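Protein chains in written order, with our numbering: chain A, 45 to 412; chain B, 45 to 412; chain C, 45 to 412; chain D, 45 to 412.
If you're looking for bench data, these hints aren't it; they were derived computationally from the structure.
Here the structure is a predicted model, which means the values were calculated and not measured.
Keep in mind that the hints are not guaranteed to be accurate.
Repeated chains share a single entry, so a pair holds when one copy, or any two copies, can fit it.
Said to hold, decoys possible - In the EDC-like style, the derived pairs of lysine to aspartate or glutamate whose C-alpha atoms are separated by at most 20 Å in a straight line are:
hint, residue 1, residue 2
1, Lys193, Glu233
2, Lys370, Glu105
3, Lys370, Asp359
4, Lys110, Asp243
5, Lys193, Glu406
6, Lys199, Glu221
7, Lys193, Asp90
8, Lys110, Glu138
Single-letter residue listing:
There are 4 protein chains.
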Amino acid sequence: MSHNSFGHLFRVTTFGESHGASIGCVVDGCPPGIPLSEADIQRDLDRRRPGQSRFTTQRREPDRVKILSGVFSDDRITTEVTTGTPIALLIENEDQRSKDYDDIRDAYRPGHADVAYDLKYGFRDYRGGGRSSARETAMRVAAGAIARKVVPGLKVRGALVQMGALRIDYDRWDWEEVERNAFFAPDAEAASRFVEELDAVRKRGSSLGAVIEVVAEGVPPGLGAPIYGKLDADIAAALMSINAVKGVEVGEGFNAASLSGEENADEMRAGNDGITFLSNRAGGILGGISTGQPVVARFAVKPTSSILSPRRTVDRFGVEREIATKGRHDPCVGIRAVPVGEAMLACVIADHYLRQRAQVGEQPRWPF
Amino acid sequence: MSHNSFGHLFRVTTFGESHGASIGCVVDGCPPGIPLSEADIQRDLDRRRPGQSRFTTQRREPDRVKILSGVFSDDRITTEVTTGTPIALLIENEDQRSKDYDDIRDAYRPGHADVAYDLKYGFRDYRGGGRSSARETAMRVAAGAIARKVVPGLKVRGALVQMGALRIDYDRWDWEEVERNAFFAPDAEAASRFVEELDAVRKRGSSLGAVIEVVAEGVPPGLGAPIYGKLDADIAAALMSINAVKGVEVGEGFNAASLSGEENADEMRAGNDGITFLSNRAGGILGGISTGQPVVARFAVKPTSSILSPRRTVDRFGVEREIATKGRHDPCVGIRAVPVGEAMLACVIADHYLRQRAQVGEQPRWPF
Amino acid sequence: MSHNSFGHLFRVTTFGESHGASIGCVVDGCPPGIPLSEADIQRDLDRRRPGQSRFTTQRREPDRVKILSGVFSDDRITTEVTTGTPIALLIENEDQRSKDYDDIRDAYRPGHADVAYDLKYGFRDYRGGGRSSARETAMRVAAGAIARKVVPGLKVRGALVQMGALRIDYDRWDWEEVERNAFFAPDAEAASRFVEELDAVRKRGSSLGAVIEVVAEGVPPGLGAPIYGKLDADIAAALMSINAVKGVEVGEGFNAASLSGEENADEMRAGNDGITFLSNRAGGILGGISTGQPVVARFAVKPTSSILSPRRTVDRFGVEREIATKGRHDPCVGIRAVPVGEAMLACVIADHYLRQRAQVGEQPRWPF
Amino acid sequence: MSHNSFGHLFRVTTFGESHGASIGCVVDGCPPGIPLSEADIQRDLDRRRPGQSRFTTQRREPDRVKILSGVFSDDRITTEVTTGTPIALLIENEDQRSKDYDDIRDAYRPGHADVAYDLKYGFRDYRGGGRSSARETAMRVAAGAIARKVVPGLKVRGALVQMGALRIDYDRWDWEEVERNAFFAPDAEAASRFVEELDAVRKRGSSLGAVIEVVAEGVPPGLGAPIYGKLDADIAAALMSINAVKGVEVGEGFNAASLSGEENADEMRAGNDGITFLSNRAGGILGGISTGQPVVARFAVKPTSSILSPRRTVDRFGVEREIATKGRHDPCVGIRAVPVGEAMLACVIADHYLRQRAQVGEQPRWPF
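All chains, full assembly: derive it from the sequences and hints.
What follows is the structure, given as structure tokens:
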């Protein structure tokens, strides 16, 4: 992936800082003729938007997206459709408190990118985290909303499956529950335990990590490529590129290390409509290529580094200090990472869908 | 990553099938003037070579590498050095038993890429797994041997930290032990338990997975890029692209989800030579950018799918069958994945080292 | 080059249609710490701006650029500098006459991209040419203004050397004259002939082509790469990608075909400060790599296809028609292509400057 | 284009020096199921091979190509077909005279890349020109042979249309004549004048340049992309990247500058099978996108820089010298550039064919 772009054919480039004029992105390579309105994108953005419960930052960003280019309608093509040219999206930054950044302009918050930016560039835009702010992920969600429309029949959903040390019960998985609680948890019982836990954490000024699972159904078989263009390699990069993510796994993931060869390999039987797999430990991907089973990935989000407890650090002049982060922060950034993870998965699949169509056409053929 | 290439500036392209004439790679973008001999590369290849213990496949490939281009010496430049032009490497395939592939030419081995290749391309080269064979990873190791020389002071090492359900004890970690046992395990006591376990598994025709940890020391701070060019995103893709890998994590990885914000964020103090971090839960990367701490990543390898026990499957004509894989296979492919993981990490770091030098020069500077 | 981006490390992505909300671009990979204000960019944009003489379209676009991201200043860094993160630029479209596009919504103007867009995408945004409008070139000029600042000591200038069949006299070349006449011509005498010629052409509703020469001084030696990354290959693509360009040449260009080997090859002598070339027929590039001599390129712009004379064509339904283009058009689009050509040359050089710094560092070194 | 690769989806990477063990290339992204034998490639290579007349270098390279990977056949798929994995090709270097390179190891031949390589890398492989040798173009021809098979119905041919100051007569154009004379000239009468001219030039130890025209028929409409992914931009880069090329033009090219808008724009009429253009001044490309007309491009090759006449130069120590190039050299490298130009055009078209199939599918569709 290059610096601020990802995708090979469905290519997303984002820009913007937390406290600049606006954030935005350019989606290049989208097929023409796909119906696309601002409302389509806004719907997904609203799921990620902060301030929807007491468990996410109280920063109030309406996050109203504008499509600047790449769509068209007139009196004959009466719904806005993509034209095949770059789709630029813009969200203006609004709730930028003109606050005092003296605390962090020179000091490095532990767990934050502050020190890394200074080491890399020699200085940094410290206002609200600048480019390293999770605000950038709004544009990922926006691009993902377009990606979802590129692949016919694709459905990408996500859920929070672990918060701190608490895990959901997979036997209680209910996709409809996901949109009912403040955590995108698929298990109502777990969600109520999360409430308690996160309230306690929030009150003592601390934070928690999380694990998110994303699932793509309707992924055509054959996406991916043998070696470095593996579908799961690109998924790994896409999910790991989300702020605060420290781990990514596909299918059984790390658990696969503990399985025997018999347990791990998914057996096959003849189905009505081709092959039926008897299990999906592979997470829908074999040898880097989709099999038609649901693609399943999980990623781990570290606990928010902005916490109230004072922590030891240094500043850019090498002076030792203590720092505590006041202000509006998510006690568990993993929650809002759910729609972001979905979006990244959708983008990777859309990209590989186009790549497969390029190399093999609509349908592979036995050569003779 | 494109199909068969990875890296942006230090770019590796591999080719070749398990049972073709040869496998090879082209390394483009390597800086000029770096001493490089075939022996430098062979040393790393020998660590990955099969047949060195009863725990790896008995296929006997000398894996003798030839440098076809990109180096130069004469009576003044008396050691071979890179010229800056593409370095092509070739290994001839030798131990290709002219065996009977009737078993797998049409049937899909569970857990293997067989079915995925047919779904993608319409057919496949089934001899020895064709392009999906782990044999390709020899070229990763070869490219990694070059990458190690690109970054001054870089040291990349790896170790197997889990086999099946057995884990090493981190308190007994000893890098020198790694080269002494057949598992690249850093813990002698664990290694002896691995012997027992894997012997049993091998005898019953089954297989085991593993977790490998790779560590890069001497990584200059500032490598990586804020958003999609994150160092850890590229590491995730690189490691996930290795055959049979199902999960990747950096620093605390999935464990970070269970930590509190206080536990997770690495505090800093002033050191003699800049900043000293009091811990390294971040795995040497903050906000996608290296901090100068060791870069630490782990990846999970699934158990070998080629096992003796008969498994249910179908063939390309949709007929249900059973299949058992005879022949020479690693009972735990994770073992030989250790040098491969090291190589991939080295390649990613070399690539980002060049990318950082491009954008920022040798040293970042405070603007005024 | 990918669809709407160019450059490998200094990477420019543009978006926007002639009659959409705005046009813009994202410049990624720019080094940090470079002073950059909107005024720096505006200066170059104003040279390209229409409506400055009767020889360019009367469309009145103030073309006021806004920097949306990627720069920073505070009370210590008192001048805006680049941060190393993506620089997004935006120009709002203002003078969009709500005119009637009935003439061209279905009919294909000869020489225009209308038919090609329909053949490619199935339909098109016909308002003002949509994405194919030369308006996009404003963003090239804006990106070029940044590129000029990336390479220390770089000076890129351009001039119109031929309009229709009229050529300038190279013996009268005067860079200061370029900014004094309406044609960017370096020869005052030729400029006055151009006035006459173009007035006549304009009055009869026709149009003329042109040849532009662009010259980069202060190009460090060593930029480019041996084979496909040749500096002149990237210059050729960059200039050919400008609207209406049909030919590109470097140094002697097509004339080199008629020279003898003796005439063509530039001899060298020892200079005070390294090598002195006795001529520059190579245009500053040998084997795809800059030599330190000025880089000289020329490109041919076809006559404006939007002309008043009725022309035979068909429409999207296959019906034969005649079409004449009314409205505000440049009688010679080549004039305003001068700053565009400069910008593209500057962008290519900036990109290769970073690429060379990546591979070789600040200075190449004899290996031993 | 990156250093030693070109193409986005149909991607070619070459390696090898004039006097190394071998030269080769990797073609990645080729669709599966395309019949491809070594003979298919050898046919094209033989057209480029030196030593076929007294007008090309007498170096005797059989240039026997081997396919190392990426094809497959068995008793059911009885003809070798591409598998979709990377196709590696290798040609061993054979006729490397162990000659004395003392003349050029330190001295810079005027017009050659010698000085540029030293300025870039600090040193160079001087044996036979190393990487800058035209020998690399054999791999372009080989890759082109594959590209030709990717696009159904594509036919790419080339011809030499100018040698020194002598031009062919377009009215006498005869494609069959091209294979009959030693110059790939489409005009028998011109070819006989070329014999005389080049004999004289060869005898006096000098050299001549040339202009080559390449024509692609059967190019599907819709290839290319609006802005930077223009088909002609990629053609320009591809042709300019050929050794010794100094200019590229499409359709009318530089001549377009002298035409009026009426003359230049190709009118359209309704044809039996869609649109018929009444002329092809555009060279088959409008707005960067193919129209279905033949794609026509020309490129100028400078005279061979290796000449017998002594020329003034310096060496790497800054000492002034004279140099004359003895040995086996083409008096007009333009001749053998004909199949190379064809190959590059074929590669670009194949790449854009896949890119168009990716974005738009097999057929564009009116959105509603």
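Hints versus structure:
no. : hint            : verdict
1   : Lys193 / Glu233 : neither (33 Å within a copy, 54 Å between copies)
2   : Lys370 / Glu105 : within (19 Å within a copy, 46 Å between copies)
3   : Lys370 / Asp359 : within (18 Å within a copy, 61 Å between copies)
4   : Lys110 / Asp243 : neither (35 Å within a copy, 43 Å between copies)
5   : Lys193 / Glu406 : both (17 Å within a copy, 18 Å between copies)
6   : Lys199 / Glu221 : within (17 Å within a copy, 48 Å between copies)
7   : Lys193 / Asp90  : within (18 Å within a copy, 40 Å between copies)
8   : Lys110 / Glu138 : both (14 Å within a copy, 17 Å between copies)
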